[in-house]
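Based on the hints, put chain B in the right spot on chain A.
These protein sequence lines are chains A and B, in that order.
When you line the first sequence up against our numbering, it's residues 7 to 278, in that order.
When you line the second sequence up against our numbering, it's residues 7 to 278, in that order.
I should point out that these hints are in silico values taken from the structure, not numbers from a laboratory.
Idealized CB from N, CA, C, for every residue including glycine.
Treat the hints with care, since some could be wrong.
[As the list claims (entries may be wrong)] SDA-like, lysine to any residue: derived pairs with alpha carbons at most 25 Å apart:
1) B:Lys-194 <-> B:Leu-264
2) B:Lys-94 <-> A:Arg-9
3) B:Lys-8 <-> A:Arg-9
[As the list claims (entries may be wrong)] Here chain B is said to cover these stretches of chain A; the calculated rule only asks that three of the stretch's residues, wherever they fall, bring their Cβ under 8 Å from a Cβ of chain B:
4) 43-54
5) 63-70
6) 117-129
7) 137-148
8) 186-197
[To be verified] Example chain A residues on the side facing chain B (calculated, C-beta under 7 Å, incomplete):
9) Arg-9
10) Glu-11
11) Leu-21
12) Tyr-25
13) Ile-28
14) Ala-99
15) Leu-102
16) Ser-110
17) Ala-153
18) Ser-154
19) Thr-170
20) Glu-171
21) Ser-173
There are 2 protein chains.
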Amino acid sequence: MKRSERVVCLVNYFLNSPYERIQLSYFTNQYSASKSSISEDLDIVNDMFIYEGIGELKRVSGASGGVIYQPVFSKENNEAFIQSLCEKLADPARILPGGYLYMSDLLGDPEIVKKIGRAFVSVFSGIKIDAVVTVETKGIPLAYAVASYLNVPVVIIRRDPKVTEGSSVSINYVSGSSRRIQTMVLSKRNLKENLNVCIIDDFMKAGGTITGMVDLLKEFKAKVVAIGVLAEAEDEEDERVIKSYTSLINVKNVDAELKEITVNQGSIYQTS
Amino acid sequence: MKRSERVVCLVNYFLNSPYERIQLSYFTNQYSASKSSISEDLDIVNDMFIYEGIGELKRVSGASGGVIYQPVFSKENNEAFIQSLCEKLADPARILPGGYLYMSDLLGDPEIVKKIGRAFVSVFSGIKIDAVVTVETKGIPLAYAVASYLNVPVVIIRRDPKVTEGSSVSINYVSGSSRRIQTMVLSKRNLKENLNVCIIDDFMKAGGTITGMVDLLKEFKAKVVAIGVLAEAEDEEDERVIKSYTSLINVKNVDAELKEITVNQGSIYQTS
Numbered sequence: 007m008k009r010s011e012r013v014v015c016l017v018n019y020f021l022n023s024p025y026e027r028i029q030l031s032y033f034t035n036q037y038s039a040s041k042s043s044i045s046e047d048l049d050i051v052n053d054m055f056i057y058e059g060i061g062e063l064k065r066v067s068g069a070s071g072g073v074i075y076q077p078v079f080s081k082e083n084n085e086a087f088i089q090s091l092c093e094k095l096a097d098p099a100r101i102l103p104g105g106y107l108y109m110s111d112l113l114g115d116p117e118i119v120k121k122i123g124r125a126f127v128s129v130f131s132g133i134k135i136d137a138v139v140t141v142e143t144k145g146i147p148l149a150y151a152v153a154s155y156l157n158v159p160v161v162i163i164r165r166d167p168k169v170t171e172g173s174s175v176s177i178n179y180v181s182g183s184s185r186r187i188q189t190m191v192l193s194k195r196n197l198k199e200n201l202n203v204c205i206i207d208d209f210m211k212a213g214g215t216i217t218g219m220v221d222l223l224k225e226f227k228a229k230v231v232a233i234g235v236l237a238e239a240e241d242e243e244d245e246r247v248i249k250s251y252t253s254l255i256n257v258k259n260v261d262a263e264l265k266e267i268t269v270n271q272g273s274i275y276q277t278s
Numbered sequence: 007m008k009r010s011e012r013v014v015c016l017v018n019y020f021l022n023s024p025y026e027r028i029q030l031s032y033f034t035n036q037y038s039a040s041k042s043s044i045s046e047d048l049d050i051v052n053d054m055f056i057y058e059g060i061g062e063l064k065r066v067s068g069a070s071g072g073v074i075y076q077p078v079f080s081k082e083n084n085e086a087f088i089q090s091l092c093e094k095l096a097d098p099a100r101i102l103p104g105g106y107l108y109m110s111d112l113l114g115d116p117e118i119v120k121k122i123g124r125a126f127v128s129v130f131s132g133i134k135i136d137a138v139v140t141v142e143t144k145g146i147p148l149a150y151a152v153a154s155y156l157n158v159p160v161v162i163i164r165r166d167p168k169v170t171e172g173s174s175v176s177i178n179y180v181s182g183s184s185r186r187i188q189t190m191v192l193s194k195r196n197l198k199e200n201l202n203v204c205i206i207d208d209f210m211k212a213g214g215t216i217t218g219m220v221d222l223l224k225e226f227k228a229k230v231v232a233i234g235v236l237a238e239a240e241d242e243e244d245e246r247v248i249k250s251y252t253s254l255i256n257v258k259n260v261d262a263e264l265k266e267i268t269v270n271q272g273s274i275y276q277t278s
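So here's chain A without its partners, still in its complex pose (with noise of 0.2 Å):
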């Protein structure tokens, strides 16, 4: 196999298979190669991986040696697309009754939610991450886009208890928004204890809903690493709960009756 072709093969393998240690035996033996001939295919994916701005390879030394694919994403790339989420959402068009906006199309695009799970594991790389928590429904593409980039688990939390779960622990919370007493549930079968999590979801008011996440997630020993939300809105009346978090569009100012609305890139690369 020539190099351009064996070049083909690593990036589809790398670009499906993140954060996933890789010994460089398992290359040799796949393409016939000698270890200096694949070295050198992994130098080339590496620094076009960084030219692209798509992450980089790391190199494991040792005895068992290997590299992994660490898909952390430019800085450049992640504002642009974010800045282009951000005049997307500022079409007054999209305000809703309560101050809400209209993004079901956005989170509907399979494009638009990768490129957000890309941001979210840029920041996040580093942080040692064995699941990615949402509740239902609408952080569930979020979450899965995240979890695919780490390459981890989904675990979702349910607004009732399913048949098909088994046994479940449930927690009541209090809602900012409706400000009613809800329900958040989730099966012992799908969380084991003592795990590293984050949490991603699609919108953060005062952070009713996360703080309840995270309330639910103390049942299973879950230790939160790091939280992400598309978009947070301010509360008019409550102040958040949530302090330290990771957004990628503040929305200000939503007046459903003069139709104005200002949006801007969120928490994401703020240092505080």
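What follows is chain B alone, placed relative to chain A:
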């Protein structure tokens, strides 16, 4: 840029942009290469995509010319994957009351979800599909996996109207499993009229839920051109109302008392 370097960029481009027609001039400009060089690069990428069983590059001739990546995965890869799923699902510990199977762990694995998407797109290739439709909640990740390979949007039917979706159309239907009247809702903004849609869901017994979806989609003048379900199971009491569909897995003889279960490959590669 050398050939092996260009090839890295090309593979990354195609894998992220399935079913998107790209003019050769885009690549000649992007990589400052001649048309004949790019053309040879594309031949190499195409040969290796076929070798890896991950689809192929289709050249479009004519004045504008171009190339499209069709992600049709090999029957061998898809069947090997379905076989491994069957083995996992045949574990009697998965049997839940009512003849349901615990599948959340598998549906929570982004790698498995991606491969489920691959199997469906491989057999839907050649069908013109404008959008993938599912009903919340379990089918959502599968719908995104399919949509991501088809490069079309996902539309999610809800169980209740949401404040964040605006005005909607709803229908009532009888669920086969619970025999209760249930509701399905689709926001008017979520689906344009007269589109070709593909329905994706996780589980089908008599098919009541899918019939409900087909009825609701009629209100949007949508044409259902394909139906894909991860797992089908026979219903003891009802004959199946949906006749034409693609299933990856067929679940039979679930006996909660004897802890017995039979899981086979579904209709996907059956010739009728």
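Going through the hints against the structure:
Of the pairs offered as hints, the one joining Lys-194 of chain B and Leu-264 of chain B is violated, with about 47 Å between alpha carbons and a cut-off of 25 Å exceeded. With a C-alpha separation of about 38 Å, the suggested pairing of Lys-94 of chain B with Arg-9 of chain A is violated against the 25 Å cut-off. Restraint check for Lys-8 of chain B and Arg-9 of chain A: satisfied, since their Cα atoms lie roughly 11 Å apart, inside the 25 Å limit. Counting residues of the segment 43-54 of chain A whose beta carbon lies closer than 8 Å to any beta carbon of chain B gives 5, which reaches the threshold of three, so the coverage claim holds.
For the segment 63-70 of chain A, the proposed coverage by chain B is not satisfied: 0 residues have a C-beta within less than 8 Å of a C-beta in that chain, short of the threshold of three. Coverage of the segment 117-129 of chain A by chain B holds in this model, with 3 residues showing a Cβ closer than 8 Å to a Cβ of that chain against a need of three. Under a criterion of three residues with beta carbons nearer than 8 Å to beta carbons of chain B, the stated coverage of the segment 137-148 of chain A is upheld, 5 such residues being counted. Restraint check on the segment 186-197 of chain A versus chain B: 3 residues with Cβ-Cβ distances below 8 Å, three needed, restraint holds.
At its closest, the beta carbon of Arg-9 of chain A sits 5 Å from a beta carbon of chain B; the interface hint therefore holds under the 7 Å criterion. Look at Glu-11 of chain A: its Cβ gets to within about 5 Å of chain B, closer than 7 Å, so that hint holds up. Taking 7 Å as the C-beta contact cut-off toward chain B, the hint placing Leu-21 of chain A at the interface holds, the least distance being around 6 Å. At about 11 Å, the closest approach between the beta carbon of Tyr-25 of chain A and any beta carbon in chain B exceeds 7 Å, and the interface hint on this residue is violated.
Given hint, Ile-28 of chain A at the interface with chain B, is violated; its Cβ is 14 Å from that chain's nearest Cβ, farther than 7 Å. Because the smallest distance between the Cβ of Ala-99 of chain A and any Cβ of chain B comes to about 10 Å, over 7 Å, the interface hint for this residue is violated. For Leu-102 of chain A, the interface hint holds, since its Cβ comes within 7 Å of a Cβ in chain B; the closest pair sits about 6 Å apart. Among the interface hints, the one on Ser-110 of chain A holds; its C-beta lies about 6 Å from the nearest C-beta in chain B, closer than the 7 Å criterion.
Below 7 Å, beta-carbon pairs count as interface contacts, and Ala-153 of chain A has one with chain B at about 5 Å; its hint therefore holds. For Ser-154 of chain A, the interface hint holds, the least distance from its beta-carbon to any beta-carbon of chain B being 4 Å, beneath 7 Å. About 5 Å separates the beta-carbon of Thr-170 of chain A from the nearest beta-carbon of chain B, less than 7 Å, and the hint is met. Restraint check, Glu-171 of chain A versus chain B: the minimum CB separation of about 6 Å is within 7 Å; hint holds.
Interface hint status for Ser-173 of chain A: violated, as the beta-carbon distance to the closest one in chain B is roughly 10 Å, over 7 Å.
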